[in-house]
Amino acid sequence: MDAVKKEKKNWEEKVLKKVLEKRPERKKYFENYSKIKIGRLYTPEDIEDLDYLKDLGFPGNFPFTRGVQPTMYRGKLWTMRQYAGMGDAEESNKRYKYLLKQGQTGLSVAFDLPTQIGYDSDHQLAIGEVGKAGVAIDSLADMELLFKDIPLDKVSTSMTINAPCAIILAMYIMVGEKQGVNLSQLTGTTQNDILKEYIARGTYIFPPLPSLRLTTDVIEYASKYLPRWNPISISGYHIREAGATAVQELAFTLANGLAYIKALKMRNLNPDDFAPRFSFFFAVHNNFFEEVAKFRAARRLWARLMKERFKAKNPKSMMLRFHAQTGGATLTAQQPDNNIVRVTLQALAAVLGGTQSLHTNSRDEALALPSEDSVRIALRTQQIIAYESGISDTVDPLAGSYYLESLTNQMEKQALTYIKRIDKLGGMLQAIERGFIQREVQNSAYLLQKKIEKEEEVVVGLNRFRSEEESKLEKLILDPKIEERQKKRLKELKNKRNKEKVKKALNDIKKAIHPAPARRSGVHKQENLMPVILEAVGVYATVGEICEVMRQEFGEYRESVSI
Amino acid sequence: MRKKIRVLIAKPGLDGHDRGAKVVARALRDAGMEVIYTGIRQTAEQIVNTAIQEDVDCLGLSILSGAHLKLFPKIVKLLKKRGGKNILIFGGGIIPSEDIPELKSMGVSKIFGPGTKTQGIIDFIKTQIDADGKRR
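Chains as they are written, first to last, in the numbering used here: chain A, 1 to 563; chain B, 1 to 136.
No lab work stands behind these hints: they were computed from the structure. Note that the Cβ used here is the ideal one computed from N, Cα and C, for glycine as well. Check each hint, because a few of them may be wrong.
Unchecked claim - Now the in silico label distances, taken between C-beta atoms and shown as ranges: (1) A:Lys265 / B:Gly83: 27 to 33 Å; (2) A:Lys496 / B:Asn49: 38 to 44 Å; (3) B:Gly83 / A:Asn498: 47 to 53 Å; (4) B:Asp123 / A:Val19: 41 to 47 Å; (5) B:Gln53 / A:Lys503: 38 to 44 Å; (6) B:Asp123 / A:Glu559: 29 to 35 Å.
Stated by the list, open to error - No more than 27 Å apart at the CA atoms, straight line, and that leaves these computed lysine-lysine pairs for DSS-like: (7) B:Lys4 / A:Lys450; (8) B:Lys117 / A:Lys475; (9) A:Lys491 / B:Lys110; (10) B:Lys117 / A:Lys28; (11) A:Lys451 / B:Lys74; (12) A:Lys454 / B:Lys4; (13) A:Lys475 / B:Lys104; (14) A:Lys450 / B:Lys74; (15) B:Lys74 / A:Lys475; (16) A:Lys481 / B:Lys117; (17) B:Lys74 / A:Lys491; (18) A:Lys481 / B:Lys104; (19) A:Lys487 / B:Lys126; (20) A:Lys454 / B:Lys117; (21) B:Lys110 / A:Lys27; (22) B:Lys110 / A:Lys454; (23) B:Lys70 / A:Lys488; (24) A:Lys454 / B:Lys126; (25) A:Lys487 / B:Lys117; (26) B:Lys74 / A:Lys487; (27) A:Lys481 / B:Lys4; (28) A:Lys35 / B:Lys117; (29) A:Lys450 / B:Lys77; (30) B:Lys110 / A:Lys475; (31) B:Lys74 / A:Lys488; (32) A:Lys27 / A:Lys5; (33) B:Lys117 / A:Lys450; (34) A:Lys475 / B:Lys4; (35) A:Lys475 / A:Lys37; (36) A:Lys451 / B:Lys117.
Pulled out of the complex, with its shape left as it was, chain A reads as follows:
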């Protein structure tokens, strides 16, 4: 090492100095999106303190820096999972079958906003939104249609649902039951990450505390009855999309994870009972090495936190498994075909970062909902990386790069500093309630925007290399009659179902929310709401009806905004 240091000094004085005098570098200061200073050259000196066994280790072993599986993609490629869903259940069902036929290996369901916010399609606030951002699901009848002829024991399904997660999961279980699929065979993920909804994305319904109860109900239920289900996907994606830097995304996501673990521990559950099924969801943006380093740092930091803070014993509890999606906010409406290249680079970073599943965005998403052509190109991008690039043939191929390892160390360190700041504020719930996290994210978003406007940050086709041509992409046009059709379907359902049973089931949910104190101790033992929700869903109570009962009992969250 001393020889390297000496030779480096030599090189700086004899070679570098002259070159810099003749030809200064492009910028005075190089930094990535996380504001980490990027050095000119990385050498063994930059990772002098790196202890291979302690900091990197072997894939599948603590601290999982090199990956969660011993063979990674040599054994099995990542799951190619495109987020999709639009219109009504019938139309989405067709799209899923199309995607499966194209070689997609898992489903990812997008729900429309009324469903996500717990309103039926006939609600006043649902006007204009039904079937737009995803599929409209009012009742189990819609869910049966959504998965018609798709065997739930053969596909894994990821569902982006948060506030009404318990209800939607209950519907999925019921569909499985009707297909003759046992609970233990169901594989997939529910997002169920309510805390990030208060930071970004915004599909909360209830205040944080009762929301946390619903989240933990789902996790507890799944830990008992759904051994192959990921009951939560702790998501940095939306925080990043809202403007956070890569380090902030990493820190806030893991801090949310810690908050869920704490909440579950308060139910006297052992982390090793539920943490092995935790999954994560990150964005992957343009700065290639920053992103790869982020994923590696995420795995190492989570493993250490679980071991040190929660004394987890099962290695699976320490293993950070994640889904990645390319960055929607990095797409440009200008020259949309350029987005194919951005998506390729981002996807490459996700794979080199060791993702378990991946969604590649479509080139036209800054313009409208993606067309079928664009979705196909996005999926093909993953397939080309998987089958033609050769990067899936060895485990964690970038490891040992002086730059990457040094960056991985810095990302981990900075994220931990943030987590400690959040600890000091009393944890994530308090940090969110005080607006600390939201302000941090907003500031980053604003600073980046300013940089782009000043051209300190180049966005090809937007602030540099512009062309005047209008894009001629074919856009997806949704059937305008969807809303009417969905409302009609809902009306027919309400006439057909057993009204008395629905009434009773809804009342049972109300009672379960506020159970009577136990006779002897006088203590209110909180009841897990999954069983009563399953009952209600089974008699075709709607998402809106069940959420209305909960709105009455839990109240509704109103954000306080400061800009």
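With the hints as your guide, set chain B onto chain A.
Coordinates of chain B only, in the frame set by chain A:
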């Protein structure tokens, strides 16, 4: 004393994508305007009430859910009915270019798509509204 230009940035519809709305709100404020931001998930009635009560000169609507053709007309009509017909209305978000003529014909002055510079929005407002808050 000259009055500052008063702006309401509002998010109709159910989507929670508020990055753009917040960035614009802050940029307008930094440009010397008085800015009120409604927060997400506002109904047409709530937005119009705020616009009237706060006596704003212009109203910026941000939406990414795809419900703009349903919600913008509702807001424009209600605003006119409540005596806010002089309020300058502009919009932004994911709004397909095919929909823009229809929105303009009903009284939305301009739609700013993805990639817009905040300076462009500031300039637009200043060319439309003089420093006394009157439409030019």
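Taking the numbered hints from earlier one at a time, note which ones the structure violates and give those numbers from smallest to largest.
Per hint list: 1, 9, 11, 14, 16, 19, 21, 25, 27, 29, 34, 35 violated.
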